[in-house]
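*Asks:* To convert, take the position in the sequence shown, counting from 1, and add 448; that gives my numbering.
Hints were generated in silico from the structure; no laboratory data involved.
Please note: incorrect hints may appear among the correct ones.
[Unchecked claim] Computed cross-link-like contacts, DSSO-like style, restricted to lysine-lysine with a CA-CA straight-line distance of at most 30 Å: (1) K728 x K559; (2) K540 x K512; (3) K512 x K559; (4) K790 x K837; (5) K512 x K791; (6) K837 x K728; (7) K512 x K556.
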Amino acid sequence: MTEVFTILQSAIYEISTFMLYPVMVILLGLVTWSIIELGGFVFEFRFRDRDLKRMEHGALMARKSLWGGDPIGAVRVMAENGSNYFVHNFIKNLQNCVGNSSELRAVKVEKLIQDYETAMQRRLEKTRFLTRAGPMFGLMGTLIPMGPALMGLIRGDVEALANNLVIAFGTTVVGLMAGVTGFMVSMVRSRWYRQDMSDIQYISEVMFSDFTSESGMDASLSDLSEPASYATPNIPSNIPLSSDERNPKIGGIIRTVAMRLGESVYYTLFFTPTRLIVAKTAGSLFASPLIFMSLVISVDALAIGARVFEIAIPFSYLVLINSVICAALIAVIRVSRVHAGKKSDQLMHLHPDEILTSDAANREISYQDIVCIEVTRRWYNRAVKVLTKNDQWIDLGCIERSQLNSIGIINATLPGRIIER
449 MTEVFTILQS AIYEISTFML YPVMVILLGL VTWSIIELGG FVFEFRFRDR
499 DLKRMEHGAL MARKSLWGGD PIGAVRVMAE NGSNYFVHNF IKNLQNCVGN
549 SSELRAVKVE KLIQDYETAM QRRLEKTRFL TRAGPMFGLM GTLIPMGPAL
599 MGLIRGDVEA LANNLVIAFG TTVVGLMAGV TGFMVSMVRS RWYRQDMSDI
649 QYISEVMFSD FTSESGMDAS LSDLSEPASY ATPNIPSNIP LSSDERNPKI
699 GGIIRTVAMR LGESVYYTLF FTPTRLIVAK TAGSLFASPL IFMSLVISVD
749 ALAIGARVFE IAIPFSYLVL INSVICAALI AVIRVSRVHA GKKSDQLMHL
799 HPDEILTSDA ANREISYQDI VCIEVTRRWY NRAVKVLTKN DQWIDLGCIE
849 RSQLNSIGII NATLPGRIIE R
């Protein structure tokens, strides 16, 4: 009996000891994952934009277009007044539903809402897994080294005891850190996505709910007064206005950023009745992430090279230097964006011809010369390219997250010439 117990004890000890290194690797992966999720969370928080009054106004105008027999126009109107990522994509996908009969449309809209609810849950599952898996693997990393630590204590091997305890306590901290990060991100995102789902259902109800009579609809819409900030100037109806419109010759604007020979260049796309003007509003070599990444790599490489000559640089100094470099990058990007926004506001007061001549880098593209506009979806922005009649691709840069709601301007200005990938 004693031999059987000894065999089982040895087997469990060997298995648990063997699991130590996989658990440590998994914990490092969970910490890396939590940092990535935290960065995505901060980025998402920075660019969340919700204007319920404007969204409600857009939904009612879209409803009016539906009753007027213009379903595609209804989606375009609503796309200009979308808010956050899920809401904006939901509005864009509504164009697959509005052209059907009322019964089939209701089914498709309900299915689309359920699909977006599933997509939100899928995104939340990632951080919820961190919330549960982090402490679990941290506990495993704590308990596994305790066996070798106790064995070292019995043998009087203080060094083995200390090493195993360091691993045990370290894995606990790492696991809890991953779990806390996942819990915080999940908690806030749950509130955000509940609000987004509420907005999606509200938009659907306002746009597609049945009226008791057509006169009732007209009465409801007659009570809607367009806010002053969305007053429509006298320009062609197929060109939507930006919310901060000042120049009646400008139908709408979109701000983009592009890399040009290692330099981050900010552009503003001005949509006029006949042409697209691409105006440079800011540019800085130091706003390029590649420059700061090169600095970080150089500093770390110097620190590693210094060890060859037995010059030890404290790890805390390296962390401080890298943090300062990252903070400088964020500050430069922020200043460049603010400068680009101010320059864009100044150009809004000018005539389109004056905008074109304000900088040698500015250019114009006639709508007649545009064959198509390719919009490539990325997880954080949209890349925009224009194909002209002479088979030339013109890179207009990437639309920032804060400007994604303005993609409807392209759809309304150049309908049928948008290719989304």
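*Asks:* Please go over all the hints and tell whether each is borne out by the structure.
*Replies:* Going through the hints against the structure:
The hinted pair formed by K728 and K559 fails the criterion: a straight-line CA distance of about 43 Å is larger than 30 Å. Distance restraint check for K540 and K512: the Cα-Cα separation of roughly 18 Å lies within the 30 Å cut-off, and the hinted pair is therefore satisfied. Between K512 and K559, the direct Cα distance comes to roughly 23 Å. Compliance with the 30 Å bound is thereby established for this hinted pair. Distance restraint check for K790 and K837: the Cα-Cα separation of roughly 34 Å exceeds the 30 Å cut-off, and the hinted pair is therefore not satisfied.
Straight-line distance between C-alpha atoms of K512 and K791 comes to about 36 Å, which puts the hinted pair past the 30 Å bound. Distance restraint check for K837 and K728: the Cα-Cα separation of roughly 24 Å lies within the 30 Å cut-off, and the hinted pair is therefore satisfied. As the CA atoms of K512 and K556 are separated by approximately 20 Å, the hinted pair is consistent with the 30 Å bound.
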